[in-house]
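According to my numbering, the sequence shown is numbered sequentially starting from 675.
Because the hints were derived from the structure by calculation, they are not lab data.
Each residue gets a CB set at the ideal place from its N, CA and C atoms; glycine is no exception.
Possibly wrong hints are sitting among the right ones.
What the hints assert, rightly or not - Computed spacing ranges between beta-carbons, pair by pair:
(1) Gly899 / Asp794: 46 to 56 Å
(2) Gly748 / Lys779: 39 to 49 Å
(3) Asn911 / Gly812: 32 to 42 Å
(4) Arg784 / Leu917: 34 to 44 Å
(5) Ile824 / Gly799: 13 to 23 Å
(6) Leu851 / Gly799: 33 to 43 Å
What the hints assert, rightly or not - Okay, derived cross-link-like pairs now, EDC-like style, lysine to aspartate or glutamate, Cα gap no bigger than 16 Å in a straight line:
(7) Lys834 / Glu792
(8) Lys776 / Asp846
(9) Lys823 / Glu803
(10) Lys904 / Asp730
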Amino acid sequence: MSLIRRVDEARKAYRGKDPSAAAAAHSLERIAAAAQEEHGGVRDQYLGDMVYGGLDGIVTTFAVVSGVAGADLGAHIVLILGLANLFADGFSMATGAFLSTKSEKEYYTREYQREAWEVDHFPDGERAELLEVYQGRGYSSDEAQSLVKIQSKERDRWVKAMMVDELGMLPDERRPLWSGLATLISFIVAGSLPLVVYLVGLVVPVPAGVAFPVSLMLSGVALFGLGAAKVLVTRLNPFRSGLEMLVVGGLAAGVAYAVGALLKGIGTG
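Can you build the whole structure from these sequences, using the hints too?
This is the structure in structure tokens:
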């Protein structure tokens, strides 16, 4: 049993106020088994990149489709603007994910090196800082001193304790390149759904007035599905999460459609 599954069972037991299920989730055997398994923390972080990248892809692309449809500019304009947005915005988001992850890792490394240097050169000062942190959390003076003594026995453990307890920083195990690629691929794949019917129209004639409703339906299903998929990261209610994303995406599309309709004369003039 993985750690994530055991925690999910504990949450379910708590919501249902089920003492027996809660006791089972906290049994020594399950805790030990979960501690021995790989819980997929890095995988979940990449999954977050994919889910949020896909959601942004659908929302932004369908907003473009809605705006063009509102202005009644034709399928060829939908494809030009939609594809331009899909690849340009997808590349922009991927670059942002890459640089953000890279910057976070560089910042963590720089702070880790600083803390390591301070532990080596000012050990008494670092112990005093850690002591203040623990006392600030409500530990007694004796308890805090015991914790400091334990943490400072081994240098690497001591530095990590300073990073977590003093600075509140945890290492980001994602690779910047993979984070950017996960965002880019999910953005393009999910963001292409609103354009599928228009791409099909290049090969097979699509009746007038059919393309936009089909695009609307595909986008709605994808928005709800990806919104529900957020629970793999957030661990919240899938139906509520899917409905929230459907509403948010629908509002964005509605605004874009209204703007397109208001500016319809400009596009045809």
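Here is what the structure says about each hint:
no. : hint                        : result
1   : Gly899 / Asp794: 46 to 56 Å : holds, 52 Å
2   : Gly748 / Lys779: 39 to 49 Å : holds, 46 Å
3   : Asn911 / Gly812: 32 to 42 Å : holds, 33 Å
4   : Arg784 / Leu917: 34 to 44 Å : holds, 42 Å
5   : Ile824 / Gly799: 13 to 23 Å : holds, 18 Å
6   : Leu851 / Gly799: 33 to 43 Å : holds, 38 Å
7   : Lys834 / Glu792             : holds, 13 Å
8   : Lys776 / Asp846             : holds, 9 Å
9   : Lys823 / Glu803             : holds, 13 Å
10  : Lys904 / Asp730             : holds, 13 Å
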